[in-house]
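Under this note's numbering, the letters of the sequence shown match residues 11 to 293, in that order.
One or more of the hints may lead you astray.
[Claimed, not checked] Straight-line distance between alpha carbons at most 30 Å, and here's what the computed DSS-like set of lysine-lysine pairs gives:
(1) 220 / 252
(2) 69 / 144
(3) 220 / 107
(4) 121 / 228
(5) 93 / 75
(6) 69 / 85
(7) 98 / 85
(8) 98 / 222
(9) 252 / 228
(10) 121 / 222
(11) 228 / 251
(12) 75 / 85
(13) 212 / 222
(14) 107 / 75
(15) 121 / 95
(16) 98 / 121
(17) 144 / 93
(18) 98 / 75
(19) 222 / 251
(20) 75 / 212
Calculated from the structure, these hints are not laboratory results.
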Amino acid sequence: MATNIGMMDSAYFVGRSEILTWINDRLQLNLSRIEEAASGAVQCQMIDLTYPGVVPMHKVNFDAKTEYDMIQNYKVLQEAFNKLKIDKHIEVNRLVKGRPLDNLEFLQWLKRYCDSVNGGIMNENYNPVDRRIKGVKDRNPKGSQKIPKSLQTNNMHNPVSGDTVGLDRASGFRQGKTYAAAGGTNSSREVQALSEEIAALKLSMNLLEKEKDFYYGKLRDIEILCQTPELENIPMSVAIKKILYAADAKESALAQAEDFLSQFTTAEAEAGAGAGAGAENDV
Numbered sequence: 011m012a013t014n015i016g017m018m019d020s021a022y023f024v025g026r027s028e029i030l031t032w033i034n035d036r037l038q039l040n041l042s043r044i045e046e047a048a049s050g051a052v053q054c055q056m057i058d059l060t061y062p063g064v065v066p067m068h069k070v071n072f073d074a075k076t077e078y079d080m081i082q083n084y085k086v087l088q089e090a091f092n093k094l095k096i097d098k099h100i101e102v103n104r105l106v107k108g109r110p111l112d113n114l115e116f117l118q119w120l121k122r123y124c125d126s127v128n129g130g131i132m133n134e135n136y137n138p139v140d141r142r143i144k145g146v147k148d149r150n151p152k153g154s155q156k157i158p159k160s161l162q163t164n165n166m167h168n169p170v171s172g173d174t175v176g177l178d179r180a181s182g183f184r185q186g187k188t189y190a191a192a193g194g195t196n197s198s199r200e201v202q203a204l205s206e207e208i209a210a211l212k213l214s215m216n217l218l219e220k221e222k223d224f225y226y227g228k229l230r231d232i233e234i235l236c237q238t239p240e241l242e243n244i245p246m247s248v249a250i251k252k253i254l255y256a257a258d259a260k261e262s263a264l265a266q267a268e269d270f271l272s273q274f275t276t277a278e279a280e281a282g283a284g285a286g287a288g289a290e291n292d293v
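Model the full assembly from the supplied sequences, consistent with the hints where possible.
This is how it looks when you write it as structure tokens:
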């Protein structure tokens with residue numbers, strides 16, 4: 011299983027859009043940003059989906075806002091990892107900061123791992139909405155707790171029974187917002203400006219995705235070239251593979267590769283000098 015994968019693994023080249031679609035489809039959520047998963051609740055339920063019953067969902071706080079509450083969620087996740095013997099270090103201090111890149115990398119790993127279990131086939135009997143609501147009720151037996159908007163189901167045509175009051179309140183809120191917007195003279199301009207900004211962001215994201223695919227293709231070509239039987243054992247190929255397969259994302263492997271080439275060059279020079287001296291003695 012994909013418990014330990016290098017930074018050059020294809021898992022780390024999965025885009026944000028694909029990760030968000032994967033989360034929303036499987037857990038019936040409506041996340042729009044990677045940072046919304048920083049609390050650790052999504053990760054807990056993904057493991058619960060993959061291994062039903064392993065995660066005590068009543069301990070998962072879907073409304074976690076503070077770092078303390080988020081850390082408690084990651085403790086639940088770490089306990090589940092320990093039960094399943096998943097050898098994966100969780101960078102909790104970095105994830106709870108809500109940094110998009112840190113959370114994206116962890117979710118990329120999580121997707122790769124979950125896809126490696128039973129070929130990524132979902133349990134048809136698993137109801138993610140019921141599991142969330144049951145967890146909230148078990149966690150707060152004396153009163154219901156409203157699930158955050160970002161963690162609510164995206165299937166609005168099939169609302170969960172017993173939530174009609176919340177839907178009525180939401181409907182009234184929307185009506186009030188509509189009335190206020192009708193009385194504003196600049197609302198249409200603001201909507202248009204926001205729409206243009208969203209379109210520009212989508213275009214920028216598409217360009218970044220294409221650029222990522224371009225450079226990944228280049229790296230893959232280099233990897234294939236270095237793996238050819240005629241070249242894979244030459245010093246330059248070995249040095250390049252040291253860089254490609256370096257697992258530590260914090261430090262560059264360039265210095266290690268340069269040191270390897272330097273040692274080989276020195277040894278080759280010394281061997282050449284020794285051969286030259288032997289030839290002179292023979293003369």
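Evaluated hints:
no.: 1; hint: 220 / 252; in the structure: 26 Å, holds
no.: 2; hint: 69 / 144; in the structure: 11 Å, holds
no.: 3; hint: 220 / 107; in the structure: 28 Å, holds
no.: 4; hint: 121 / 228; in the structure: 24 Å, holds
no.: 5; hint: 93 / 75; in the structure: 27 Å, holds
no.: 6; hint: 69 / 85; in the structure: 10 Å, holds
no.: 7; hint: 98 / 85; in the structure: 13 Å, holds
no.: 8; hint: 98 / 222; in the structure: 26 Å, holds
no.: 9; hint: 252 / 228; in the structure: 17 Å, holds
no.: 10; hint: 121 / 222; in the structure: 19 Å, holds
no.: 11; hint: 228 / 251; in the structure: 14 Å, holds
no.: 12; hint: 75 / 85; in the structure: 16 Å, holds
no.: 13; hint: 212 / 222; in the structure: 15 Å, holds
no.: 14; hint: 107 / 75; in the structure: 11 Å, holds
no.: 15; hint: 121 / 95; in the structure: 17 Å, holds
no.: 16; hint: 98 / 121; in the structure: 13 Å, holds
no.: 17; hint: 144 / 93; in the structure: 22 Å, holds
no.: 18; hint: 98 / 75; in the structure: 24 Å, holds
no.: 19; hint: 222 / 251; in the structure: 20 Å, holds
no.: 20; hint: 75 / 212; in the structure: 28 Å, holds
This entry satisfies every hint, going by the numbered hints stated previously.
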